[in-house]
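J.: The residues making up each chain are set out below.
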Amino acid sequence: MSGQGYQGKKNIPRITSDRLLIKGAKIVNDDQSFCADIYMEDGHIKQIGENLIVPGGVKTIDAHGRMLMPGGIDVHTRFQMPDRGMTSVDDFYQGTRAALAGGTTMIIDHVVPEPGASLLSAFEQWREWADSKSCCDYSLHVDITEWHKGVQEEMEALVKDHGVNSFLVYLAYKDVFQLTDSQVYEVFSVIRDLGAIAQVHAENGDIVAEEQRRILEQGISGPEGHVLSRPEEVEAEAVNRSVTVANQTNCPLYITKVMSKSAADVIAQARKKGTVVYGEPITASLGTDGSHYWSKNWAKAAAFITSPPLSPDPTTPDYLNSLLSCGDLQVTGSAHCTFNTAQRAVGKDDFTLIPEGTNGTEERMSLIWDKCVVTGKMDENQFVAVTSTNAAKIFNLYPRKGRIAVGSDADLVLWDPDVTKIISAKSHNSNQEYNIFEGLEVRGAPLVVISQGKIILEEGSLHTTEGCGRFIGRKPFSDYVYKRIKARSRLAELRGVPRGLYDGPVCEVSVTPKTMTPASSAKTSPAKQAAAGGQPVRNLHQSGFSLSGAQIDDNLPRRNTQRIVAPPGGRANITSLG
Amino acid sequence: VAGHLYYDRLLVKGGRIVNDDQSFYADIYMEDGVIKQIGDNLIVPGGIKTVEANGKMVIPGGIDIHTHFQMPYRGTTTVDDFSQGSKAALAGGTTMIVDHVIPEPGSSLIEAFEQWRNWADEKTCCDYSLHVDITHWNDRVKQEVDILLKEKGVNSFQVYMAYKDFYQMSNSELYEIFTFLGEMGGIVQVHAENGEIIAEEQARMLEMGITGPEGHVLSRPEELEAEAVFRAITIASQTNCPLYVTRVMSKSAADIISQARKKGNVVFGEPITASLGTDGTHYWSKNWAKAASFVTSPPLSPDPTTPDYLNTLLASGDLNITGSAHCTFSVAQKAIGKDDFTQIPEGVNGVEERMSLIWEKAVTTGKMDENMFVAVTSTNAAKILNLYPRKGRLAVGSDADLVIWDPDTVRTVTAKTHNSAAEYNVFEGMELRGGPSVVICQGKLVLEDGGLHVTPGVGRFIPCTPFPDYAYKRVKARKQLAVLRAVPRGMYDGPVSDFSPLSRGGTPSASARTSPTKQPVRNLHHSAFSLAGPPTTEDLPIRPAGRRIVVPPGGRSNITSLS
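Line order of the protein sequences matches chains A and B.
Residue numbering for the first sequence is 1 to 578, as defined by our numbering.
Residue numbering for the second sequence is 1001 to 1563, as defined by our numbering.
Here are some chain B residues pointing at chain A (derived, C-beta under 10 Å):
#	residue
1	Gly1075
2	Gly1212
3	Leu1218
4	Pro1221
5	Arg1231
6	Ile1256
7	Ser1285
8	Ser1330
9	Lys1334
10	Pro1345
11	Leu1484
12	Tyr1492
Note that these hints are calculated values from the structure, not bench results.
The beta carbon of each residue, even a glycine, is placed where N, CA and C say it ideally should be.
With the rest of the complex left out, here is chain A:
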């Protein structure tokens, strides 16, 4: 598993010098915990066990029985993000530094091409920014901000040659990023054929646009207008719609930024019905709520602006933490995207102009520990699953990332469950003036952080190296996601009923068709290539009844049908009544 996507050549010489032994640790993976020593060399875990034979003179850390867990993976960051000529204040250096300080040793950032721009050139731009500044390993999601044939070709290139296996589409941001249902259907079809994962920013942009206009007309221009114009059912509706499209196209679905109880409920229900869907709550939705939008301090209220918004329902964080613990939600990111007050003030007279994003990459792990593990909602193994392992599995990085095992990358965190700290903008590693978790006391924090086999955090001090982070390419068809999808594609096919020709009278009609024809959309369905995923398949899990399907020609286009009856031929009696 090592070797794939080693693209940061310049770093390798530095790594080789690092040999490290951790003694007496309680190793915590997502499935079990056990006591052992662990030896790392060249950025990899070389040995795990007791009484290891290691070279003399290696640096040794005594864990004293503390928990040693896989470094966190923050699946959603937006460092150095351009927005209307401005750039978010945490670049890849500052952002990854904050991540490492919190115990996160890998981040996955979003490439956001301007509509009309090339996906590939945007991707290269992000690579350049990240390669020069990132302090930890990183990977990239690419956002699909418009849809045409050229985009499809670029997506293929990104999957095959550039190590991207996830694409985000927007159901919100009308007239900017938003795609129509038909476009989403086509994008999902392409994604499924490529073996990638469809991520969705789920909010109904049409309704949001109407509400924004109405709220502004009423004279509400402050940050409270942001949340008033984006009520949570608008989020839940879009989640429901993307689940429907994903089922139709047999495409795995990943909902970014699960911010409300109702959106989380829709995901949980869909999973119960068998949909391959994952939900990503973020640090902010797990840790705070939207009551701050009503703060009299404009700058503070604006610091909470993100979309979908934080829910004003104060019971939301607890509810989302519960679903995260029971497995209905699986992965956590931070959606870290920070703007300072002067940048936010672009929208001082109009909340729709306020740049969006909240902090959370540094606080993510401690916050989840405090809200979920300390409260007994989840154990330490589930904690590892939701902060690291599940992300590695979904995005096909496992077991290189997300697990402590021989051969895995030496990204580790020695966790101290007892340390308590108070989050504050005064002491955080982000450049932002505000921290939305200001004053929150969290229990549990990293004591030692090891990234690429090197000690980054020790005794409270952070030693990062700008530019040492490597781009980690991700292959398509992640097992964790695609095993079920593949099985469903194989299950059944769709066939017409052989009836012979209808030979009765046919009514004369005028030319305008009444029933809808797909003609006028003029788009060609791009999803023809039956790649490894095959044709889209309806989710069998969803059928309320059993199928009786014969499988015959494997070279026929595949799809399952509710009822497949192909009785032996013969011309049927077409026109008789009865």
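With the hints as your guide, set chain B onto chain A.
T.: Positioned in the frame of chain A, the structure of chain B alone reads:
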């Protein structure tokens, strides 16, 4: 029209009167098409016609809230016109129908309405009302809707979420229509299916060489119906507009409606005779003509447990109203789509079978009692149309539309004997227990001793008025509940970044339409937490449930300090 009525004096003796709330024994005396007396030992004029009910149930005549009689389709017309259709209705115990006016996109709603009025006035054998479908949306349409509501007696309008590039409305248009009707006191009906996905699926089916009627249901799986219902409910909730979902065809769509009702949404679901009585397995019939006769949208579900499930929800009150969506084409008309299922004219029969079928499926099985039967076949429809208690109830002053119901009669449905002109009957061969033995419409005996005596043209247009209490009481209360107000902060006086004007933050700019209305109200029922809103000031714009309405006493706050 009135000339037909005033001869009629009629006494129904010894019946058990069944309303939606209770049953009791009494005689009923009718005169001039109106119920004049109910009770024992009534004093009535001599020599009047008397009908002996012999202890049988006397129920309000059925209201079929959804028909498409005489519907134009690409130069042809459905085979049941208003005369044939209303005759079939009366034969089944339905004494009022509500038809859909479908204006061609781009044409005038009022002209289409008048056209339908002419057709119906000339031919209908029972009272009728009209829904008007909104097939395109602009300011002129809005004005016409306003006129229809205020002057023409139409209180319900249907919009389509399917039929892409033809009838289909965008989410923004739906939002505007819902907002407008919510203010004017109309009922929004939706045809709920995701037309965009259907278009993609249809193209794919045809490419795969599936051209028969099975392609119809394969390209319209039930979750597309459920998705659209969910979306319609979201928009209705945002705009505080009552919602009516026509043609509930699948379990998942019905589930979404019942969930929404549990959360407090004002939403009504209408299963139809076909979805309550049969399923979509017939789309795979080797007989093309038979398979095609089942083509309707949303399609009948291939899941054979669907009818039973929908009957259960109808009995529990999660679904409220039943129609037939009766829209019948001949085999030759259906054959327009013999090589392409997307061209098959859509519609099934059901106006005649509706009441017996619900009795058979829901009452004889013990799912509902006779009172609930009256509610779902008549009373609830009258309430939502704002015609209650004139229709939908047996009471002094109500219209003399009533049915003596025989719960024991059994008949077998077949195209050979039905009153529709269609060659196929989707319920062919089904044995139904329960049926009308006497039907009285406008105080006249229409069905008696198995003989049907109808008069085309006697049916009156019954105008429906806006703001039906049944739907609007709750909506009005919610409108009054809370206001939305900005936080008084003073001016932000700190530094502001330079930025290029390209808007990325989701501004509504480019759609260029103006918002037609001001103040829908968010549904308080939905908030998962309680509000602490200050009392409403009457002249302020009304609006929801700001989830949190805090108006601390003024003073300029410290805007820029970090805290």
